[in-house]
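**Student:** The lines below spell out each chain.
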Amino acid sequence: MRISSFFYTLRQGFRNLFRNKLFTLASIATIGACLFLFGLFYAIVTNFEHIVRTAEEGVSVWVFFDEGLEDIRIQQIGDMIAKRPEVSDINFVSAEEAWEGFKEEYLGEYGDGFTENPLENSANYQVYLNDVSMQTALVTYLESVDGVRQVNRSELAATTLTGVNALIAYVSVGIIVILLAVSIFLISNTVTIGISVRKEEINIMKYIGATDFFVRSPFVVEGMLIGLIGAAIPLGFIYTLYNIVLSYVMERFSMLSSLLSFVTVEEVFHVLVPVSLGLGVGIGFLGSFTTVRKHLRV
Amino acid sequence: MATKKRKKSTAADKEIITLTNVCKAYSTGAPALKDVNLHISRGEFVFIVGDSGSGKSTLIKLLLRELTITSGYINVMGYDLSKIKHRKIPKFRRNLGIVFQDFRLLKDRNVYDNVAFAQRIIQKSNKEIKKNVPSILAIVGLAGKYKAKPKQLSGGEQQRVALARALINQPTILLADEPTGNLDPKNSWEIMKLLEQINENGTTVIVVTHNREIVNAMQKRVVTLKRGVIVSDEEKGGYIDED
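Line order of the protein sequences matches chains G and A. At position 259 of the first sequence the residue is numbered 259 (the numbering used here), and the sequence of numbers has no breaks. At position 200 of the second sequence the residue is numbered 200 (the numbering used here), and the sequence of numbers has no breaks.
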């Protein structure tokens, strides 16, 4: 392809946007609406996941040792646990630390009356997991380790979080599939209407001897531009909306801030921008490419 | 427009369009063409006449390779159109100029762009386009209207733009499908004179028409179709009435 033909194709793609303004606006609105819903949904899901992940990070397993177990064996057990792939962090809590923590949390100044440590056998490892669904497997392993007396865990927290995680995954996939299907259907319809108006133009090009590539290229450039604009506009809306909603929630429900931590707009957009623009351009490309193709057999 | 040099050739070489026992049937209804045999030589001027439904448009569509034949053999400029691959059709059509009754101009582009468009398709450089378009517009008498949009032109002027577009790539064959169908007698004659001039410069011209007056006056070869069959093929012929 000559350079002049390449630039001609690009120029025609740009001009096509203005030749049929109604079609351009309808297409941008369709893609924009679908990607707005997609972006909104992505932001919500990302925050849900973030909250669940934060909650997961707080779920731990406590490992207690046989009475009188040597320090060297405790150290060995600690090393073995730390090497497990599902373990994200491990902390040793000595009997003294356990008692201090208990006193502070439940007894306050009344704890000073104790002369001996009632939790003398309560030195433990506090083990954090990077995936709560692995908790049962880890507990089974820990219970089989020589020198381990008891393993405590929160079954309810683990199963609840695992369930929530699975639910979010299923709902995400379901909604994304529905959104994409609706987008493709709407865009295909919009492009079909737009192209049928220009069917005559395509026919003329073909009669004169234009190749399929030459006929299709301006339409594809146009489709990709529409996709790009259709993706950029909702991104702008979501950016503004997200910041407004976030500051509103933090301000209005400040007591939630200690329980719930939200993802920053930058983190959301780090993924959302390339994905949305890619989807917009991709949908525009596919929509125009396949629809023009139907009219090329002249 | 550059004139074409006509090379010395044998009789077989001179034959530029060959239809042998061509039949075309649509999936619905009666066959549009039945056992058509037609031979047109390089540089000829041929009228294809006949009433509505006689098969004229089908014949043009076959020559353009917009349709494929049902049976028989069709060869245009050395291309066997029953076997030509889809990707080779553009190259084949670049040697054809086509003019329609309804002009078929790109309405959103001006005269210059409509004509330049045909050159862009064959990937001519901007420099060549800038040189060729004004020169072809001068030939069809529209040098001063290159900025006008089609709707700002009369029917005759629009047909001249269509002619300029058809001629700018110096086609071997010019197909004109009812070129005067939407024109008044004065403009019709002017277009026919242009076509005659183009033919004199070496281009094979095939004109499908209903215009009895023009056919009778011009004294060219006339092929008459009736219900899909060639009923007459005369050198310096005239329009044969249906009855």
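For the record, the hints were derived by calculation from the structure and aren't laboratory data. If you're wondering where the values come from, they're calculated on a predicted model, not measured in any experiment. Note that beta-carbon positions come from the ideal geometry of N, C-alpha and C, so glycine has one too. It is possible that some hints are incorrect.
The calculated lysine-lysine pairs, modelled on DSS-like cross-linking and capped at a C-alpha distance of 27 Å, are [as the list claims (entries may be wrong)]: (1) Lys149/A / Lys130/A; (2) Lys193/A / Lys149/A; (3) Lys130/A / Lys61/A; (4) Lys107/A / Lys85/A; (5) Lys88/A / Lys199/G; (6) Lys21/G / Lys149/A; (7) Lys199/G / Lys147/A; (8) Lys294/G / Lys236/A; (9) Lys91/A / Lys199/G; (10) Lys61/A / Lys294/G; (11) Lys107/A / Lys294/G; (12) Lys107/A / Lys145/A; (13) Lys147/A / Lys294/G; (14) Lys199/G / Lys107/A; (15) Lys294/G / Lys83/G; (16) Lys131/A / Lys199/G; (17) Lys199/G / Lys85/A; (18) Lys131/A / Lys147/A; (19) Lys107/A / Lys149/A; (20) Lys83/A / Lys61/A; (21) Lys294/G / Lys14/A; (22) Lys294/G / Lys91/A; (23) Lys199/G / Lys151/A; (24) Lys199/G / Lys83/G; (25) Lys151/A / Lys85/A; (26) Lys34/A / Lys236/A; (27) Lys199/G / Lys127/A; (28) Lys21/G / Lys151/A; (29) Lys21/G / Lys107/A; (30) Lys21/G / Lys83/A; (31) Lys131/A / Lys107/A.
So the derived list for chain G, only partly shown, Cβ under 10 Å to chain A, looks like this [unchecked claim]: (32) Tyr8; (33) Arg84; (34) Glu109.
**Student:** Which of the listed hints are broken here?
**Tutor:** 3, 4, 8, 13, 15, 16, 21, 24, 25, 27, 30, 33, 34
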